[in-house]
Amino acid sequence: MPEDLNWAVGGEAGDGIDSTGKIFAQALSRAGRHVFTSKDFASRIRGGYTAYKVRTSVDRVESVVDRLDILIALTQRTVDENLDELHDDSIIIYDGERSMMSDFETPGETIGLDVPLKRLAEDAGGAIMRNIVALGAACAVSGFNIEYLDESLEKRFGGKGEAIVDNNKAAARAGAEYVEEEYDFSAPYDLETTDNDYVLLNGGEAIGMGALAAGCRFYAGYPITPATDVMEYLKGRIEDYGGIVVQAEDELSAVNMTLGGARAGARAMTATSGPGIDLMTETFGLVATSETPLVICNVMRSGPSTGMPTKQEQGDLNQMLYGGHGEIPRFVLAPTNIAECFHKAVEAFNLAEKYQLPVYLTSDLSLAVTEQTFEPEEFDMEAVEIDRGKVVDEETIGEWQNEKGQFKPHAITDDGISPRSFPGTDGGAHMSTGLEHDELGRRTEDTDMRIEQVDKRDRKVDTAREREDWGYREFGDAEADTLILSWGSNEGAMREAIGMLAEDDIDVRLISVPYIFPRPDLTDEVEAAEETIVIECNSTGQFADLIEHDTLSRVQRINKYSGVRFKADELAEEVKAALGEPTEVEA
Amino acid sequence: MSAFNAIDADREVDREEYTPGIEPQATWCPGCGDFSVLKALKGAMSELGKDPEEILLVTGIGCSGKLNSYFDSYGFHTLHGRALPVARAAKLANPELEVVAAGGDGDGYGIGGNHFTHTARENHDITYIVFNNEIFGLTKGQTSPTSPKGHKSKTQPHGSAKDPVRPLSMSLTAGSSYVARTAAVNPNQAQEILVEAIQHDGFSHIDFLTQCPTWNKDAKQYVPYIDIQQNEDYEFDISNRQEAAEVIYDTELALHDGEVLTGRYYQQEGRLSYTQEKQEIGEMPEEPLAERYHDDDYEWERCYDMLDAHR
Ligand SMILES: Cc1ncc(C[n+]2csc(CCOP(=O)(O)OP(=O)(O)O)c2C)c(N)n1
Ligand code: SF4
Ligand SMILES: [Mg+2]
Chain A
1 MPEDLNWAVG
11 GEAGDGIDST
21 GKIFAQALSR
31 AGRHVFTSKD
41 FASRIRGGYT
51 AYKVRTSVDR
61 VESVVDRLDI
71 LIALTQRTVD
81 ENLDELHDDS
91 IIIYDGERSM
101 MSDFETPGET
111 IGLDVPLKRL
121 AEDAGGAIMR
131 NIVALGAACA
141 VSGFNIEYLD
151 ESLEKRFGGK
161 GEAIVDNNKA
171 AARAGAEYVE
181 EEYDFSAPYD
191 LETTDNDYVL
201 LNGGEAIGMG
211 ALAAGCRFYA
221 GYPITPATDV
231 MEYLKGRIED
241 YGGIVVQAED
251 ELSAVNMTLG
261 GARAGARAMT
271 ATSGPGIDLM
281 TETFGLVATS
291 ETPLVICNVM
301 RSGPSTGMPT
311 KQEQGDLNQM
321 LYGGHGEIPR
331 FVLAPTNIAE
341 CFHKAVEAFN
351 LAEKYQLPVY
361 LTSDLSLAVT
371 EQTFEPEEFD
381 MEAVEIDRGK
391 VVDEETIGEW
401 QNEKGQFKPH
411 AITDDGISPR
421 SFPGTDGGAH
431 MSTGLEHDEL
441 GRRTEDTDMR
451 IEQVDKRDRK
461 VDTAREREDW
471 GYREFGDAEA
481 DTLILSWGSN
491 EGAMREAIGM
501 LAEDDIDVRL
511 ISVPYIFPRP
521 DLTDEVEAAE
531 ETIVIECNST
541 GQFADLIEHD
551 TLSRVQRINK
561 YSGVRFKADE
571 LAEEVKAALG
581 EPTEVEA
Chain B
588 MSAFNAIDAD
598 REVDREEYTP
608 GIEPQATWCP
618 GCGDFSVLKA
628 LKGAMSELGK
638 DPEEILLVTG
648 IGCSGKLNSY
658 FDSYGFHTLH
668 GRALPVARAA
678 KLANPELEVV
688 AAGGDGDGYG
698 IGGNHFTHTA
708 RENHDITYIV
718 FNNEIFGLTK
728 GQTSPTSPKG
738 HKSKTQPHGS
748 AKDPVRPLSM
758 SLTAGSSYVA
768 RTAAVNPNQA
778 QEILVEAIQH
788 DGFSHIDFLT
798 QCPTWNKDAK
808 QYVPYIDIQQ
818 NEDYEFDISN
828 RQEAAEVIYD
838 TELALHDGEV
848 LTGRYYQQEG
858 RLSYTQEKQE
868 IGEMPEEPLA
878 ERYHDDDYEW
888 ERCYDMLDAH
898 R
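Order-wise, the sequence lines are chains A and B. Under my numbering, the first residue of the first sequence is numbered 1, with each subsequent residue one higher. Under my numbering, the first residue of the second sequence is numbered 588, with each subsequent residue one higher.
No wet-lab data here; the hints were simulated from the structure. Glycine included, C-beta positions come from ideal geometry on N, C-alpha and C. Be aware that a few hints might be false.
Said to hold, decoys possible - Computed footprint of chain A on chain B; a stretch qualifies when at least three of its residues, placed anywhere within it, have a C-beta under 8 Å from a C-beta of chain A:
hint : region
1    : 650–660
2    : 680–692
3    : 696–706
4    : 869–878
As the list claims (entries may be wrong) - Straight-line C-alpha distance at most 25 Å; calculated DMTMM-like pairs for lysine to aspartate or glutamate:
hint : chain 1 : residue 1 : chain 2 : residue 2
5    : A       : Lys354    : A       : Asp414
6    : A       : Lys118    : A       : Asp80
7    : A       : Lys408    : B       : Glu603
8    : A       : Lys160    : B       : Glu870
9    : B       : Lys865    : A       : Glu249
10   : A       : Lys390    : B       : Glu874
11   : A       : Lys160    : B       : Asp895
12   : A       : Lys235    : B       : Glu873
13   : A       : Lys39     : A       : Glu375
14   : A       : Lys408    : B       : Glu604
15   : A       : Lys408    : A       : Glu394
16   : A       : Lys390    : A       : Asp426
17   : A       : Lys235    : B       : Glu683
18   : A       : Lys404    : B       : Asp601
19   : A       : Lys354    : A       : Glu466
20   : A       : Lys22     : B       : Asp892
21   : A       : Lys235    : B       : Glu874
22   : A       : Lys235    : B       : Asp895
23   : A       : Lys404    : B       : Glu599
24   : A       : Lys235    : B       : Asp892
25   : B       : Lys736    : B       : Asp750
26   : A       : Lys390    : B       : Glu683
27   : A       : Lys155    : B       : Asp892
28   : A       : Lys408    : B       : Asp601
29   : A       : Lys155    : B       : Asp895
30   : B       : Lys626    : A       : Asp426
31   : A       : Lys404    : B       : Asp597
32   : A       : Lys404    : B       : Glu603
33   : B       : Lys865    : A       : Asp229
34   : A       : Lys456    : A       : Asp415
35   : A       : Lys404    : B       : Glu604
36   : A       : Lys354    : A       : Glu452
37   : A       : Lys408    : B       : Asp595
38   : A       : Lys408    : B       : Glu683
39   : B       : Lys727    : A       : Glu436
Model the full assembly from the supplied sequences, consistent with the hints where possible.
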C-alpha cells in the first residue's frame with residue numbers, strides 16, 4: 001500500500017465542491033497529517049466539471065500525482081474526467097438515487113459504493129448536507145477517525161450555531177454508518193494520525209499574510225482570477241491593523257492608487273494577473289522614475305489575452321522583466337512554494353522601500369489555489385523585520401536640503417539611494433515627476449543631469465546586488481551530472497521527481513530559483529554539469545533563455561503549457577527522456 | 588497633534604511662499620489662461636492659511652500639468668489621465684493632507700474619464716481643477732473632448748464630427764458634491780470658488796475655462812462672462828440637483844454660442860466622503876494610516892494570531 005492517499009470530490013460548479021474538499025483537508029491537517037491539494041476547473045460552462053483533490057501522507061507532500069484512490073463523484077463527468085487516474089482498487093462513492101447518476105456503472109475493476117447521500121442528509125436535517133454525508137462515508141472507507149472531521153465541521157459551521165454543527169456531525173455519521181452496514185467491506189486504508197501541529201493555507205493567503213506581517217496597510221485592486229484571493233484575504237483583516245483595502249474602477253486606477261498611498265507614506269501593494277499587468281505596466285515607469293516603493297503581486301494564469309483564466313502558466317516572465325518603455329529598474333521575486341510566498345512578500349516590501357523602486361512578487365495559479373500543510377514555525381512572525389529605508393524626519397531632513405533649504409528627493413549618492421520625505425513633513429516639500437528631473441525633482445533635459453539620474457537609478461540595483469542575498473534553493477545530489485533548473489512553483493513536483501529518478505539510479509541536482517531579477521549567476525553550476533535542463537510552464541522557455549544568456553551555454557528545455565501544472569511522475573519521465581534514458585512508455 | 592509637523596501648523600501664509608525659490612519661470616505662452624489658475628490657487632491657499640508642506644498637488648500631463656512645477660508644495664506630476672487615482676489614494680492614506688488634483692480637459696474628460704466618474708461617485712474629499720481650453724495644448728492644438736462640433740484642427744481638418752462632452756453635466760451625474768465653473772479672465776471669482784471648493788467636504792470639481800491663445804485662436808477668450816450668481820436670469824437653488832442640472836445644461840449649450848456662464852452650480856452639504864463612509868462601516872481607521880507608520884515609537888504589529896485561522 002502506498003504511503004499516501006489520493007482523495008477527490010468532484011461535481012458541478014455550484015455543488016459546493018470547494019468547501020467540501022477544504023473541510024476534509026482541514027480535518028486531515030488537524031489529525032497531524034500532511035496535505036497537498038489541487039483543483040480542477042472547467043470554467044467555461046456554468047455547471048461544468050470541478051474537483052478538489054487532496055493528497056495526504058504523514059510525510060510532507062509537495063505535489064500531485066496521477067493516481068486517485070478515493071473519489072466522491074457527484075456527476076458522471078467527474079468519473080469520466082479522471083479515468084486515467086483511477087486504478088483497480090480505486091473506490092468511487094456516488095449517490096445512485098441522484099437522477100443523473102441512476103445509470104452509473106463503475107469503470108473497469110474500480111469499486112463503486114452507492115450511498116444515498118441526499119436521502120441520508122435529509123434525514124439528518126437537510127439535503128444541503130449531502131456532501132457531508134459523503135465525507136463521513138469517505139472517513140469509513142479510509143479508516144480515518146471521524147472525530148477530526150467533527151473538529152473541521154465545528155470550525156466551518158461554528159458561527160452558524162450549535163444546531164447546525166450537530167446536524168452536520170450527524171450527517172457525517174450517517175454516511176459512515178451506511179458504508180459500514182451496507183457494504184461488507186473492511187476499509188483498505190488506515191489513515192494514521194499524529195500529534196503534529198500544522199497550518200493549512202494556500203499561496204494567496206500566504207502572500208496576504210506576509211504582506212500584513214510586513215506592515216502593508218494600503219491595498220488597491222481590481223478583481224481578477226486567480227489574484228482575487230489576496231485581496232479577499234486582506235479585506236476583513238487589514239482593518240484590524242489600521243489599514244484599508246479599496247476596490248478601484250480598473251487596474252490603471254488600482255496601481256495609481258497604490259502609488260498614491262505609497263507616496264503619502266503607507267506600505268502599499270496591489271495584486272493582479274496577466275490582463276491587469278498589461279494595464280499596470282503603464283505606470284511602472286513612473287513608479288521607477290519617481291523612486292516610489294511599490295509591490296505588485298502578479299498571480300500568473302494562462303495567456304495571452306484572456307487565455308485560460310483558471311489554468312496554470314508561467315508565461316509572464318518576460319513581461320515582468322522587460323515590460324514598459326524605456327529602461328526601468330525593478331526587482332522580480334518568484335517564491336517557489338507556499339511558505340516562501342509569505343517570506344518573499346515580506347522581502348518584497350523591504351526591498352521596495354530600501355531601494356525605492358517597483359517590485360514584482362509573482363506566483364501562479366498552482367500556488368494560488370493549492371492548500372498545503374506547514375509547520376507553524378515556517379511562518380515566523382517574530383523573525384519578520386521591517387526596514388523602511390531612507391525615510392527622513394524632522395531631525396534628519398536638514399542633511400538632505402540644499403543651501404536654500406530645499407529638499408532633494410533624488411539626491412545623487414554613492415549607493416544610488418536618495419532620501420524620502422512624506423507629505424506633511426516640514427522642510428521636505430518637493431516635486432516628483434515622471435519627467436527626467438534634477439536632484440530636487442524638477443524637470444530637466446540637461447544632458448549631464450540626465451546621465452547622473454539614470455546612473456543613480458541603475459546604481460541602486462548594483463547596491464542591491466551587493467547588499468542582499470540573491471541565492472537559490474538546492475535539492476537532490478549536489479555532485480550529480482544532471483542539473484535541473486526551475487523557477488517559481490515547479491519546485492515541489494521536481495523535488496518529488498528526484499526521488500522517483502533515484503529509484504532508477506538517475507541522480508540529479510535541482511536548483512530552484514526564487515529571484516528572477518536580480519538573479520544568481522549560475523555559470524559555475526551550469527559548467528559543472530554535463531547536462532542542464534530547465535523546466536517551466538510556458539512554451540518558449542523564457543527562463544531557459546535567461547540562463548543561456550547568463551551562462552553562454554545551451555540548455556535543454558522541458559516546457560508545459562497545457563494549462564495543467566507539472567506532476568512529479570510526469571516530470572521524472574520527461575527528465576529521463578531528455579537524458580536519453582528509457583522511459584516508462586518505451587520500457 | 589499630527590505626527591507630521593507641517594499639518595495644522597496654523598499660521599499666516601503669504602502667497603509668495605508658494606512660489607518656488609528658484610527657477611523655473613512658468614513656461615506657459617504669454618496670455619495663456621493657465622497663469623490665472625496658478626494665481627487663484629496661491630491666493631486661495633494663502634487665504635485659507637495652508638502651509639505649503641501640508642498640501643499635495645497632483646497633476647496630469649499637458650500644459651495644465653505643469654501647475655505644480657510653479658507652485659511650491661508637495662507635488663506629484665503623474666501620467667496622462669491618472670492624477671485622480673493618485674490624489675484620492677494619498678487622501679485615503681493621510682486624510683489630514685490638503686489634496687488638490689489638476690489637469691487638462693483631454694487629461695480629465697478624455698483619457699482619464701473613467702477615473703473622473705468614479706472619483707466623483709466616491710466623493711473623496713479632494714479638489715479637482717480641470718483647465719478647460721477646449722483643445723490639446725501641449726501636443727499643439729489637436730481636437731479635445733470639449734472642442735465644439737465643427738472645430739477645425741490638424742487632426743480634424745474638416746471640423747470635429749463629434750458633439751463635445753458636457754463636463755458639468757457629467758460631473759453632476761457622476762456624483763460630485765461641488766460643481767462650479769470659472770474662467771481665467773475672472774480672477775476674483777476664481778479665487779472665491781477655489782476657496783469654497785477646498786473648504787467643501789467632499790469631491791469638488793471646478794471646470795476652469797483657460798484660454799489657449801496659441802492653439803485655439805478661433806475660440807473665445809471667455810469674455811464677456813456672466814456670473815450666474817450675480818444675474819437675475821439664473822435664479823436657482825444650488826443645493827437642488829434638478830435645478831442645477833437645468834442651468835448646467837443651458838450653460839453648456841450657451842458656451843458654444845459665445846455666451847460664457849460661470850459660477851457655482853451645485854453644492855451638496857452633509858454627504859459623507861468616501862473616507863467617512865468607510866469609517867462608518869468599520870473599513871477605515873480613525874487614525875490616518877500614514878501617520879501611524881511615520882511615528883518612530885510605533886510598534887509594528889506582528890500579527891501573531893493570523894496563523895490561528897489556518898489550524
Ligand atoms: C498615454 C499618453 N498618450 C499621449 C500623450 C501625449 N499628450 C500629452 S498631453 C496631451 C493632451 C493634452 O491636452 P489636455 O489634457 O487638454 O491638456 P492641455 O495641454 O490642454 O492643458 C497628449 C495627447 C501622453 N503624454 N501620454
Ligand atoms: S499652448 Fe496653449 S495651453 Fe499651452 S501654454 Fe501655450 S497658450 Fe497655454
Ligand atoms: Mg486642454
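Against the structure, the hints:
no.: 1; hint: 650–660; in the structure: holds (count 4)
no.: 2; hint: 680–692; in the structure: holds (count 4)
no.: 3; hint: 696–706; in the structure: holds (count 4)
no.: 4; hint: 869–878; in the structure: holds (count 8)
no.: 5; hint: A:Lys354 - A:Asp414; in the structure: 14 Å, holds
no.: 6; hint: A:Lys118 - A:Asp80; in the structure: 22 Å, holds
no.: 7; hint: A:Lys408 - B:Glu603; in the structure: 21 Å, holds
no.: 8; hint: A:Lys160 - B:Glu870; in the structure: 24 Å, holds
no.: 9; hint: B:Lys865 - A:Glu249; in the structure: 17 Å, holds
no.: 10; hint: A:Lys390 - B:Glu874; in the structure: 24 Å, holds
no.: 11; hint: A:Lys160 - B:Asp895; in the structure: 19 Å, holds
no.: 12; hint: A:Lys235 - B:Glu873; in the structure: 17 Å, holds
no.: 13; hint: A:Lys39 - A:Glu375; in the structure: 23 Å, holds
no.: 14; hint: A:Lys408 - B:Glu604; in the structure: 18 Å, holds
no.: 15; hint: A:Lys408 - A:Glu394; in the structure: 15 Å, holds
no.: 16; hint: A:Lys390 - A:Asp426; in the structure: 16 Å, holds
no.: 17; hint: A:Lys235 - B:Glu683; in the structure: 24 Å, holds
no.: 18; hint: A:Lys404 - B:Asp601; in the structure: 18 Å, holds
no.: 19; hint: A:Lys354 - A:Glu466; in the structure: 13 Å, holds
no.: 20; hint: A:Lys22 - B:Asp892; in the structure: 21 Å, holds
no.: 21; hint: A:Lys235 - B:Glu874; in the structure: 18 Å, holds
no.: 22; hint: A:Lys235 - B:Asp895; in the structure: 17 Å, holds
no.: 23; hint: A:Lys404 - B:Glu599; in the structure: 21 Å, holds
no.: 24; hint: A:Lys235 - B:Asp892; in the structure: 16 Å, holds
no.: 25; hint: B:Lys736 - B:Asp750; in the structure: 5 Å, holds
no.: 26; hint: A:Lys390 - B:Glu683; in the structure: 23 Å, holds
no.: 27; hint: A:Lys155 - B:Asp892; in the structure: 16 Å, holds
no.: 28; hint: A:Lys408 - B:Asp601; in the structure: 24 Å, holds
no.: 29; hint: A:Lys155 - B:Asp895; in the structure: 11 Å, holds
no.: 30; hint: B:Lys626 - A:Asp426; in the structure: 24 Å, holds
no.: 31; hint: A:Lys404 - B:Asp597; in the structure: 24 Å, holds
no.: 32; hint: A:Lys404 - B:Glu603; in the structure: 15 Å, holds
no.: 33; hint: B:Lys865 - A:Asp229; in the structure: 21 Å, holds
no.: 34; hint: A:Lys456 - A:Asp415; in the structure: 8 Å, holds
no.: 35; hint: A:Lys404 - B:Glu604; in the structure: 13 Å, holds
no.: 36; hint: A:Lys354 - A:Glu452; in the structure: 20 Å, holds
no.: 37; hint: A:Lys408 - B:Asp595; in the structure: 24 Å, holds
no.: 38; hint: A:Lys408 - B:Glu683; in the structure: 24 Å, holds
no.: 39; hint: B:Lys727 - A:Glu436; in the structure: 21 Å, holds
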